[in-house]
Amino acid sequence: MRRFLTVLLLLAAALPGLPASAQPRLITDLSQSRIDISYRFAGAELLIFGAIQYPGGRAPAEPPGIAVILRGPAEPLTVRLKARVAGIWVNTEALRFESAPGFYAVATTKPVRDLLDERNAAIYEIGLAHLQLSPATAADPETTKRFQDGLVGLRAREALFVEQPYGVQVTDNVLYRARIPIPSAVPVGNYRAEIYLIENGEVRARSTAPIIIDKSGFERGIYVFAHAYSFWYGLAVVALALLLGWLAGAVGRLREG
Amino acid sequence: MDLYLPIAEMSVNAFVIIALGGLVGFLSGMFGVGGGFLTTPLLIFYGIPPAIAVASSATQVTGSSVSGAFSYFRRGQVDLKMGAVLVSGGMMGSVIGSFLFRWLKALGQVDVTIGIVYVVFLGSVGALMLRESIAELKRSRAGDAPLRKVRRHHPLVAALPLRMRFPKSGIYISPLAPFLVGAGVGVLTVIMGVGGGFIMVPAMLYLLGMAASVVVGTSLFQIVFITAVATLLHATQSQTVDIMLGVLLLTGGVVGAQFGARAAQFLPPERLRLFLALLVLAVALRLAIGLTWTPADLFSIQAAVS
Numbered sequence: 086m087r088r089f090l091t092v093l094l095l096l097a098a099a100l101p102g103l104p105a106s107a108q109p110r111l112i113t114d115l116s117q118s119r120i121d122i123s124y125r126f127a128g129a130e131l132l133i134f135g136a137i138q139y140p141g142g143r144a145p146a147e148p149p150g151i152a153v154i155l156r157g158p159a160e161p162l163t164v165r166l167k168a169r170v171a172g173i174w175v176n177t178e179a180l181r182f183e184s185a186p187g188f189y190a191v192a193t194t195k196p197v198r199d200l201l202d203e204r205n206a207a208i209y210e211i212g213l214a215h216l217q218l219s220p221a222t223a224a225d226p227e228t229t230k231r232f233q234d235g236l237v238g239l240r241a242r243e244a245l246f247v248e249q250p251y252g253v254q255v256t257d258n259v260l261y262r263a264r265i266p267i268p269s270a271v272p273v274g275n276y277r278a279e280i281y282l283i284e285n286g287e288v289r290a291r292s293t294a295p296i297i298i299d300k301s302g303f304e305r306g307i308y309v310f311a312h313a314y315s316f317w318y319g320l321a322v323v324a325l326a327l328l329l330g331w332l333a334g335a336v337g338r339l340r341e342g
Numbered sequence: 002m003d004l005y006l007p008i009a010e011m012s013v014n015a016f017v018i019i020a021l022g023g024l025v026g027f028l029s030g031m032f033g034v035g036g037g038f039l040t041t042p043l044l045i046f047y048g049i050p051p052a053i054a055v056a057s058s059a060t061q062v063t064g065s066s067v068s069g070a071f072s073y074f075r076r077g078q079v080d081l082k083m084g085a086v087l088v089s090g091g092m093m094g095s096v097i098g099s100f101l102f103r104w105l106k107a108l109g110q111v112d113v114t115i116g117i118v119y120v121v122f123l124g125s126v127g128a129l130m131l132r133e134s135i136a137e138l139k140r141s142r143a144g145d146a147p148l149r150k151v152r153r154h155h156p157l158v159a160a161l162p163l164r165m166r167f168p169k170s171g172i173y174i175s176p177l178a179p180f181l182v183g184a185g186v187g188v189l190t191v192i193m194g195v196g197g198g199f200i201m202v203p204a205m206l207y208l209l210g211m212a213a214s215v216v217v218g219t220s221l222f223q224i225v226f227i228t229a230v231a232t233l234l235h236a237t238q239s240q241t242v243d244i245m246l247g248v249l250l251l252t253g254g255v256v257g258a259q260f261g262a263r264a265a266q267f268l269p270p271e272r273l274r275l276f277l278a279l280l281v282l283a284v285a286l287r288l289a290i291g292l293t294w295t296p297a298d299l300f301s302i303q304a305a306v307s
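Residue numbers (this note's numbering), protein chains in the order written: chain A, 86 to 342; chain B, 2 to 307.
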């Protein structure tokens, strides 16, 4: 938090003196560039903040439009739809998507539709409705849309897809910040924070910052062990189970005898 | 206390999982069953992904059966020869089960299959147990001596070739019969995460006609081996064994089992069997409702199989 304040103060002090350029620029920093998942990890909050550097150092009277996106690694996946077959709910239809982010959070100063038109929102993938998931199964647009909505709805319920329409706070039309909640079930990998400055429905400036979310310490050790040496891991688990079970039996006999 | 599970990739309340293990352990100590048929559904209700619930439940059954297997062995109530045949059948069955599991996963039908298999097996075994224990209760009310079953194996079993003598079990049958029984239970162990004692014990008694004194011990002996093999298969094939989840479940389970075993001494055995039958039926009913009830979300996501 202290680092955050220092950066803001420095930025605020330095801004008027910066050389003028034709386009505004975005300066971005993160509360942490790495999120470690340890045994007590129960979710986190990432603070994405920074300043807008205007040409001539003069902030406009109008509050700027800002969109802050945190995007996780994309992976192919299959979305399945259940239907009742003989009274039982069974997966019947399926649609494959080539690249769906495992995590996607967007915070904006105003609802996305008030900031951008459909085309620009789709180009920059701003807003849950504008994610480009690359469906790999041939299907009519209506079906694809239905599955896409299903995917977004599911991920939103798990707090893996988040849209905060008023999630970006802007101070003096220069400083911006957004808090992105990260749930405990977040997938690990390389993340990217993207910040867009939007004026009159168009993206004027953009900046990005990388973030790594990874398991650390013991949790990471177990995960790596389980994947790289799966046979020995399985053997270790069995040995542990046998030991615990045998110990309990021995203790129980001692108490009886 | 929140604890992050490294393989399930989610955080759980450690005390809830320990309590869950303790409850299952208590019941398994009381009824003398492994309790896998309770652990898997309870973990799934809690929100653990089914594949991980099944794998970690198999681990718990290994731990909760080993001390029982030891004490039966010490009393000479394990037929090692029969056990070896059952285990070799079980190994084949669990390998078949793991391929079946993989195939179902690719089809996207794992969850519903686990559900249906559970409902069918628990429902029928529970109904059989209920019928038998009610009949027994009635007989003991009427003051009759409990009916002595004439021990004889099933005619189908007698028809199999290559007979072999199993002195401890007191039978002379083809080893193919226990091999196939073991294989069938092995498939279930991998798919359901259960030891399969609730199928093995009746199969040994009524299908193979084994001596009642060695049935439970031999069944536990086979369960320890097959659940261990199932854990290994899940660990190597799909990396779904979560060691933290296993340890939490076992911690609660082994303590609960001690209390359950003590509580069992205060209840007459026919009453115990009645309670177990009702419990099994309740789980089957809950799962049947889960299969037919309109789910909260009709969509589900499956990560691509790498």
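In short, the hints are calculated from the structure, not lab data. Possibly wrong hints are sitting among the right ones.
Chain B residues, not near chain A, derived (Cβ > 12 Å throughout) [to be verified]: (1) T63; (2) V120; (3) F122; (4) A136; (5) K139; (6) I200; (7) P203; (8) A213; (9) E271; (10) I302.
No more than 30 Å apart at the CA atoms, straight line, and that leaves these computed lysine-lysine pairs for BS3-like [as the list claims (entries may be wrong)]: (11) A:K230 x A:K167; (12) A:K195 x A:K167; (13) B:K106 x A:K230; (14) B:K139 x B:K82; (15) A:K167 x B:K106; (16) A:K300 x B:K169.
All C-beta atoms in this analysis are idealised placements derived from N, C-alpha and C, irrespective of residue type, glycine included.
Checked hints:
| no. | hint | in the structure |
| --- | --- | --- |
| 1 | T63 | 4 Å, violated |
| 2 | V120 | 9 Å, violated |
| 3 | F122 | 16 Å, holds |
| 4 | A136 | 32 Å, holds |
| 5 | K139 | 35 Å, holds |
| 6 | I200 | 21 Å, holds |
| 7 | P203 | 24 Å, holds |
| 8 | A213 | 23 Å, holds |
| 9 | E271 | 25 Å, holds |
| 10 | I302 | 6 Å, violated |
| 11 | A:K230 x A:K167 | 16 Å, holds |
| 12 | A:K195 x A:K167 | 36 Å, violated |
| 13 | B:K106 x A:K230 | 25 Å, holds |
| 14 | B:K139 x B:K82 | 38 Å, violated |
| 15 | A:K167 x B:K106 | 15 Å, holds |
| 16 | A:K300 x B:K169 | 52 Å, violated |
Figure legend: structure checked against the earlier numbered hints; hints not met, in rising order: 1, 2, 10, 12, 14, 16.
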